[in-house]
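Undergrad: Given chain A's structure and the hints, the job is docking chain B onto it.
Here the protein sequences line up with chains A and B, keeping their order. Be aware that the first sequence starts at 1, since it is given in our numbering, and climbs by one per residue. Be aware that the second sequence starts at 1, since it is given in our numbering, and climbs by one per residue.
No wet-lab data here; the hints were simulated from the structure. Certain hints may be false.
It does not matter which identical chain is meant; a pair holds if it fits inside one copy or across any two.
SDA-like, lysine to any residue: derived pairs with alpha carbons at most 25 Å apart [what the hints assert, rightly or not]: (1) Lys14 x Arg127; (2) Lys22 x Asn94; (3) Lys243 x Thr116; (4) Lys243 x Phe105; (5) Lys243 x Pro225; (6) Lys92 x Asp128; (7) Lys243 x Thr264; (8) Lys92 x Arg125; (9) Lys243 x Glu70; (10) Lys92 x Glu181; (11) Lys88 x Leu109; (12) Lys88 x Ala111; (13) Lys92 x Glu188; (14) Lys92 x Gln222; (15) Lys237 x Ala262; (16) Lys92 x Arg127; (17) Lys237 x Pro11; (18) Lys92 x Asp155; (19) Lys14 x Ala227; (20) Lys243 x Ser117; (21) Lys88 x Ser208; (22) Lys22 x Asp93; (23) Lys92 x Ala230; (24) Lys92 x Gln4; (25) Lys22 x Ala221; (26) Lys92 x Asp233; (27) Lys243 x Ser208; (28) Lys243 x Ala211; (29) Lys243 x His24; (30) Lys92 x Ala202.
Protein chains: 2
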Amino acid sequence: MPRQITAYSNPLVKETRLLREKRHRREAGRFLAEGLRILTEAREAGRLPHHLFFAGESASHPLVRALVAETEAAGGEAIETTPDILSKLSGKDNPGAVIGVYPEFLTPLAALDRSTSPIWLVAERLRDPGNLGTILRTADAVAAGGLILLDECVDPFSVEAVRASMGALFTVPVARASWDEFHAWLREGPGQLVGLSLDTDADYRSASYAAPTFLLTGNEAQGMPNAMAAACDLLVKIPMLGKADSLNAAVATAVMAYEVLARTR
Amino acid sequence: MPRQITAYSNPLVKETRLLREKRHRREAGRFLAEGLRILTEAREAGRLPHHLFFAGESASHPLVRALVAETEAAGGEAIETTPDILSKLSGKDNPGAVIGVYPEFLTPLAALDRSTSPIWLVAERLRDPGNLGTILRTADAVAAGGLILLDECVDPFSVEAVRASMGALFTVPVARASWDEFHAWLREGPGQLVGLSLDTDADYRSASYAAPTFLLTGNEAQGMPNAMAAACDLLVKIPMLGKADSLNAAVATAVMAYEVLARTR
Numbered sequence: 001m002p003r004q005i006t007a008y009s010n011p012l013v014k015e016t017r018l019l020r021e022k023r024h025r026r027e028a029g030r031f032l033a034e035g036l037r038i039l040t041e042a043r044e045a046g047r048l049p050h051h052l053f054f055a056g057e058s059a060s061h062p063l064v065r066a067l068v069a070e071t072e073a074a075g076g077e078a079i080e081t082t083p084d085i086l087s088k089l090s091g092k093d094n095p096g097a098v099i100g101v102y103p104e105f106l107t108p109l110a111a112l113d114r115s116t117s118p119i120w121l122v123a124e125r126l127r128d129p130g131n132l133g134t135i136l137r138t139a140d141a142v143a144a145g146g147l148i149l150l151d152e153c154v155d156p157f158s159v160e161a162v163r164a165s166m167g168a169l170f171t172v173p174v175a176r177a178s179w180d181e182f183h184a185w186l187r188e189g190p191g192q193l194v195g196l197s198l199d200t201d202a203d204y205r206s207a208s209y210a211a212p213t214f215l216l217t218g219n220e221a222q223g224m225p226n227a228m229a230a231a232c233d234l235l236v237k238i239p240m241l242g243k244a245d246s247l248n249a250a251v252a253t254a255v256m257a258y259e260v261l262a263r264t265r
Numbered sequence: 001m002p003r004q005i006t007a008y009s010n011p012l013v014k015e016t017r018l019l020r021e022k023r024h025r026r027e028a029g030r031f032l033a034e035g036l037r038i039l040t041e042a043r044e045a046g047r048l049p050h051h052l053f054f055a056g057e058s059a060s061h062p063l064v065r066a067l068v069a070e071t072e073a074a075g076g077e078a079i080e081t082t083p084d085i086l087s088k089l090s091g092k093d094n095p096g097a098v099i100g101v102y103p104e105f106l107t108p109l110a111a112l113d114r115s116t117s118p119i120w121l122v123a124e125r126l127r128d129p130g131n132l133g134t135i136l137r138t139a140d141a142v143a144a145g146g147l148i149l150l151d152e153c154v155d156p157f158s159v160e161a162v163r164a165s166m167g168a169l170f171t172v173p174v175a176r177a178s179w180d181e182f183h184a185w186l187r188e189g190p191g192q193l194v195g196l197s198l199d200t201d202a203d204y205r206s207a208s209y210a211a212p213t214f215l216l217t218g219n220e221a222q223g224m225p226n227a228m229a230a231a232c233d234l235l236v237k238i239p240m241l242g243k244a245d246s247l248n249a250a251v252a253t254a255v256m257a258y259e260v261l262a263r264t265r
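The following block holds chain A by itself, in its conformation from the complex (with noise of 0.2 Å):
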């Protein structure tokens, strides 16, 4: 049975609010996902939140209920709370009608399995929330093995990149490792590290791509450092054909892989 949260001066909206930073998330090893469509992407893939606020108004809503009955049934607790809470929560006007505190994880580089999916993504010192977000979802839809964050990323927990990523963040294997970790765990098995760089000749419609195919994308403003770069089996292009030098990194990662999709399908 729900209990019912009706004060701003709530402990537990109190700490649930802190969560949007990441100091506090680092701390309580907790994070916020919102709105119905992800938590119940969260709930289709096995994640459900410690504590979950919904607005009273939406209780009836059957993918509320399910949430309520599933968040309780595994030990969490469920809280009906009014639209007003909501939005303090999301920091937004118009919050959606769910917010789950859910618990940290992340996959241990070693606990990958690359034979699962002739796709994986690693993006390197990756800066905006938002690219993070939208790159997990492509993974999703190319069914990436995982996506690796390289050195200094931006939080993948982070209240914008758990939006921007539609509810990938809890389908989609992450694993976080510094360069070396991680070329040293490439080269104990099969896999074709792709870099996308601007300093190469090579299209990346021409060139050939062996699966498992580790596409990795650099930093949104400088690219990848060149010892990374000189680390790669291949570097490719996409080609520019007007001013900028650049696309979006998550766009450029997307064109990327359905590129590899489409050839090793």
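TA: Relative to the frame of chain A, chain B by itself:
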């Protein structure tokens, strides 16, 4: 000779800051662009600001000097100011070295020349300014003839859209039209209208494209209305192998645009 402004209370600073809001942009017919890279892109495309704010400490940078000189030569005003005021104008803690105030410009539909490019992008009720800017950046990269915004799209002159476009707003013609106006114009000449859809079995890699191809992307959440889908010459889908049922709108547009580019080159 640039004048100096160092007071927050300066009327021009206040007025410029208001351009972050759509209502004030509409009234003034002007918008903001930020950063040396974007303003230089604009300058190279022949677009100079009415007002150019620059940090005194960056006055010796060759690109800043070029902007100042050309802005003044074109009758605009260059204003030396402080990092604090630049920060206030940009809304960012770390503003770029320059901010420009430009007159809004759109290209009338009737002025678009469809013979200039085999690819045109068309977006319907696009809601997210980051997506709009990212689509403009892709439009530049594939040398699209332009971007046509249908019905109620987000403002292409919003700070977020201009930023995400990385300057492509200044290099890619943008037109705004209702669906009826666009459809009537389209049918006056050659042009294949290709809609991205989930309700088709036609894979985007197997379809036949005929230049000029007009790629239509629907609203982020709802896709395009049935009437628009019915008016398309071709509906294609991008395969979705995971749990999610759609890609980010800017990503989907780019995957399609690069496919059409590769096939029509």
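Undergrad: All hints are to be evaluated individually against the structure, with a verdict given for each.
TA: Each hint tested on the structure:
1. For the identical chains of this complex, lysine 14 and arginine 127 are neighbours neither inside a copy (28 Å) nor across copies (31 Å), given an alpha-carbon limit of 25 Å.
2. For a Cα distance limit of 25 Å, the shortest separation of lysine 22 from asparagine 94 qualifies both inside one copy, at 23 Å, and across copies, at 20 Å.
3. For a Cα distance limit of 25 Å, the shortest separation of lysine 243 from threonine 116 across copies, 16 Å, qualifies, whereas the shortest one inside one copy, 40 Å, does not.
4. For the identical chains of this complex, lysine 243 and phenylalanine 105 are inter-copy neighbours only, at 19 Å across copies versus 41 Å inside a copy, given an alpha-carbon limit of 25 Å.
5. In the homo-oligomer, the alpha carbons of lysine 243 and proline 225 lie at most 25 Å apart inside one protomer (24 Å), although the nearest pairing across protomers, at 34 Å, exceeds that limit.
6. In this assembly of identical chains, the alpha carbons of lysine 92 and aspartate 128 lie at most 25 Å apart whether taken from the same copy (19 Å) or from different copies (14 Å).
7. Taking the closest pair of Cα atoms, lysine 243 and threonine 264 come within 25 Å of each other only across two copies (20 Å); inside a single copy the shortest separation is 32 Å, beyond that limit.
8. Within a single copy, lysine 92 and arginine 125 get their C-alpha atoms only as close as 28 Å, which misses the 25 Å cut-off; across copies the closest is 21 Å, which meets it.
9. When the C-alpha separation of lysine 243 and glutamate 70 is checked against a cutoff of 25 Å, the pair qualifies only between copies, where the shortest distance is 20 Å, while the shortest distance within a copy is 52 Å.
10. For the identical chains of this complex, lysine 92 and glutamate 181 are neighbours neither inside a copy (39 Å) nor across copies (35 Å), given an alpha-carbon limit of 25 Å.
11. For a Cα distance limit of 25 Å, the shortest separation of lysine 88 from leucine 109 qualifies neither inside one copy, at 36 Å, nor across copies, at 43 Å.
12. Proximity of lysine 88 to alanine 111 under the C-alpha cut-off of 25 Å is found in neither arrangement, the shortest distances being 37 Å within a copy and 47 Å between copies.
13. Taking the closest pair of Cα atoms, lysine 92 and glutamate 188 never come within 25 Å of each other, the shortest separation being 46 Å inside a single copy and 44 Å across copies.
14. Proximity of lysine 92 and glutamine 222 under a CA criterion of 25 Å is satisfied inter-copy only: 20 Å between copies versus 32 Å inside one chain copy.
15. For the identical chains of this complex, lysine 237 and alanine 262 are neighbours both inside a copy (17 Å) and across copies (13 Å), given an alpha-carbon limit of 25 Å.
16. For the identical chains of this complex, lysine 92 and arginine 127 are neighbours both inside a copy (22 Å) and across copies (15 Å), given an alpha-carbon limit of 25 Å.
17. In this homomeric assembly, lysine 237 and proline 11 never come within 25 Å of each other (Cα to Cα): the closest approach is 52 Å inside a single copy and 47 Å across copies.
18. Proximity of lysine 92 to aspartate 155 under the C-alpha cut-off of 25 Å is found in both arrangements, the shortest distances being 20 Å within a copy and 20 Å between copies.
19. Taking CA atoms no more than 25 Å apart as the test, lysine 14 paired with alanine 227 passes in neither setting, with 45 Å inside one copy and 47 Å between copies.
20. In this assembly of identical chains, the alpha carbons of lysine 243 and serine 117 lie at most 25 Å apart only when taken from different copies (15 Å versus 36 Å within one copy).
21. Proximity of lysine 88 and serine 208 under a CA criterion of 25 Å is satisfied in neither setting, with 50 Å inside one chain copy and 49 Å between copies.
22. For the identical chains of this complex, lysine 22 and aspartate 93 are neighbours both inside a copy (22 Å) and across copies (18 Å), given an alpha-carbon limit of 25 Å.
23. Taking CA atoms no more than 25 Å apart as the test, lysine 92 paired with alanine 230 passes in neither setting, with 44 Å inside one copy and 35 Å between copies.
24. With identical chains, the CA atoms of lysine 92 and glutamine 4 are at most 25 Å apart within one copy only, with a shortest distance of 21 Å there and 38 Å across copies.
25. With identical chains, the CA atoms of lysine 22 and alanine 221 are at most 25 Å apart within one copy only, with a shortest distance of 23 Å there and 28 Å across copies.
26. When the C-alpha separation of lysine 92 and aspartate 233 is checked against a cutoff of 25 Å, the pair qualifies neither within a copy, at 44 Å, nor between copies, at 39 Å.
27. Taking the shortest alpha-carbon separations for lysine 243 and serine 208, neither the intra-copy value of 28 Å nor the inter-copy value of 28 Å comes in at or below 25 Å.
28. Taking the closest pair of Cα atoms, lysine 243 and alanine 211 come within 25 Å of each other only across two copies (22 Å); inside a single copy the shortest separation is 34 Å, beyond that limit.
29. For a Cα distance limit of 25 Å, the shortest separation of lysine 243 from histidine 24 qualifies neither inside one copy, at 42 Å, nor across copies, at 30 Å.
30. In this assembly of identical chains, lysine 92 and alanine 202 lie within 25 Å of each other by CA distance neither inside one copy nor across copies; the values are 44 Å within and 38 Å between.
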